[in-house]
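Here the protein sequences line up with chains D and R, keeping their order. Using UniProt numbering, you'd call the opening residue of the first sequence number 1 and step up by one each time. Using UniProt numbering, you'd call the opening residue of the second sequence number 1 and step up by one each time.
By construction, these hints were calculated from the structure, which means they are not laboratory data. Do not take every clue at face value.
The list treats identical chains as interchangeable, and a pair is accepted whether it falls inside one copy or across any two copies.
Unchecked claim - Lysine to aspartate or glutamate pairs mimicking EDC-like chemistry, simulated, CA-CA at most 20 Å apart:
1) Lys-45 to Glu-148
2) Lys-246 to Asp-320
3) Lys-149 to Asp-41
4) Lys-301 to Glu-211
5) Lys-301 to Asp-215
6) Lys-16 to Glu-219
7) Lys-16 to Glu-44
8) Lys-2 to Asp-215
9) Lys-303 to Asp-215
10) Lys-246 to Glu-183
11) Lys-149 to Glu-44
The chain contents come next:
Protein chains: 2
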Amino acid sequence: MKRTEISTLGEFGLIKVLTEKTKHFHPQTIRGVGDDASVWDMGEKYLVCSTDLLVEGIHFDLTYMPLKHLGYKTIAVNISDIAAMNARPTQVLVSLAVSNRFSVEALQEIYEGIHTACQNYKVDLVGGDTTASRSGLFISVVALGEAEKEKITYRSTARKGDIICVTGDLGAAYMGLQILEREKQVFLANPQMQPQLEGRDYVVRRQLRPEARTDIIYELADLGVTPTAMIDISDGLASEVLHLCKQSGLGAMIYEDKLPIAQETYDTAINDFNISPITAALNGGEDYELLFSIRQEDYEKIKLHPEISTIGYFTEPEKDIHLVLRSGSLVKIQAQGWQHFQEKK
Amino acid sequence: MKRTEISTLGEFGLIKVLTEKTKHFHPQTIRGVGDDASVWDMGEKYLVCSTDLLVEGIHFDLTYMPLKHLGYKTIAVNISDIAAMNARPTQVLVSLAVSNRFSVEALQEIYEGIHTACQNYKVDLVGGDTTASRSGLFISVVALGEAEKEKITYRSTARKGDIICVTGDLGAAYMGLQILEREKQVFLANPQMQPQLEGRDYVVRRQLRPEARTDIIYELADLGVTPTAMIDISDGLASEVLHLCKQSGLGAMIYEDKLPIAQETYDTAINDFNISPITAALNGGEDYELLFSIRQEDYEKIKLHPEISTIGYFTEPEKDIHLVLRSGSLVKIQAQGWQHFQEKK
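Just chain D, same shape as in the assembly:
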């Protein structure tokens, strides 16, 4: 029998192969696979639903990830998917598979983080499943939310000329991961060494305890702005811009000098790792900021918002996706997201 390695397809190729035979039987299913969340017509509103599976050793490393933060982060990243639909999160369900390496107290730590996140995002923990695993920790989270029908925002509905916006700043979570990985190696080489995290608190926190930008969803509603398209930035800006362009059938121009990068991210990239902060912003994952587009006439409403940066605009598809460097020259953007499926050695 033919054997195709998963790594030859990549995550998105794999999803396509597995779900291409999908048929929908219910007219209430408005969106299925292919956006941040599925959409079901409840009558007056839309129900959105998203799920994520987090795997020890792939998505998190308990050497430096405190259990409480892990609990918080699993909720935040799922809420982020709900926010990316311009929806309001309402409920979560959490399933754990744990090996007997974990004690009841360890799971209670995880749940402390989960409860804190539920409190912060005002979502109700309403169910889940708890089971054993043969090795390692697996967390599966389901998030539900509600969207007003006229305000739900997809990936596929951006239009030429729309202004591209991003919340917060980019690349910090990736630089935080580099710091934590470096300190882990130092510790493994010499367990007497204390981790050097001073002055790197921000990037480390962005990695360990990201927040979903539900605040922006509520503020955009207050400002009377409905994004024309939206996605959350989990795999790096480049990959997410590509998703919006592909699904909306557009090209894009992104301006290097407009990319929001925190000073600490900048310093960490340059001083500690000698890499370009732009690379961290474009290809570093796990920022969980929102990438969205607005109509040009909405620009005035958001231009003074301290947490929203306008970074470019959508163009005809023929123009592809380009980064406009400070020098004025253009570089074509290609995605280089996370690759969890590695080639077999």
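Position chain R relative to chain D; hints supplied.
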């Protein structure tokens, strides 16, 4: 720091400890943790949502579980939770974590089963997540459904005198598992041996490819019967009766001679394993039949239904839960469900 082993609490004790701090922020949350599914008030109807995490080596053994059946079963067992709320399933989301032992073709096999189940139960596959695992296969399924507000059925709403009913027959999936495990051991000892499954097709099929009893949900609606309480039988009849009694604050009388046991289950239990078929029915898991109660005045409506057996009735809580043996004597029923969390050796 104190270390409590998970095995000392058991699954239900653990869930209690982890979720006791849960607060709900939304009045639309009608039910959270503690029933077959969560319940959200959508306005005209209730949304129900359930999730399950299936772990290789704990919930399934790929030595004898064909991948297609595994895909089918993961959907069926989640749909069963929706049915147990007297709700109609509408959507599923499926997440996989797979090690590089699995090929694209293997995952396609799993999805064939998933698609077939979606077709049979008329549910829409609308999302999920696909990721790597360091070892083994993990499948997380979310199922959504809709219930009419006046017909939703909880575990906690049975009343004294209600008649206890069960669908289909019991103990078959457990006997199927015993057969498959026995043949696995034979094969491991001598790989030239062919498995002896003749005459055991029914019990084996019940283990490998169970069905959710959505048919009964639709038929009860046609008959004008709304159960007073319901649960699906995943951990054996005894455990589920205990849940209904505990949550409804009742006792129960169950009649040994009323328990529906298929001839093949009976023969397999007695001839192949020398165990009591009643034990298989009471404590064997994974039947995915429905256990429910009805008002006495509804008895006439269901008494001729070939797939529904009346097996007893609810009593005052002081009477505990008893099995009335053929001899007329009473045996107190205690749960002995699945214990996934084993004591550390």
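Hints versus structure:
| no. | hint | result |
| --- | --- | --- |
| 1 | Lys-45 to Glu-148 | both (5 Å within a copy, 17 Å between copies) |
| 2 | Lys-246 to Asp-320 | within (10 Å within a copy, 63 Å between copies) |
| 3 | Lys-149 to Asp-41 | both (9 Å within a copy, 17 Å between copies) |
| 4 | Lys-301 to Glu-211 | neither (24 Å within a copy, 54 Å between copies) |
| 5 | Lys-301 to Asp-215 | within (16 Å within a copy, 54 Å between copies) |
| 6 | Lys-16 to Glu-219 | neither (35 Å within a copy, 37 Å between copies) |
| 7 | Lys-16 to Glu-44 | neither (31 Å within a copy, 35 Å between copies) |
| 8 | Lys-2 to Asp-215 | neither (49 Å within a copy, 38 Å between copies) |
| 9 | Lys-303 to Asp-215 | within (17 Å within a copy, 56 Å between copies) |
| 10 | Lys-246 to Glu-183 | neither (38 Å within a copy, 51 Å between copies) |
| 11 | Lys-149 to Glu-44 | both (8 Å within a copy, 16 Å between copies) |
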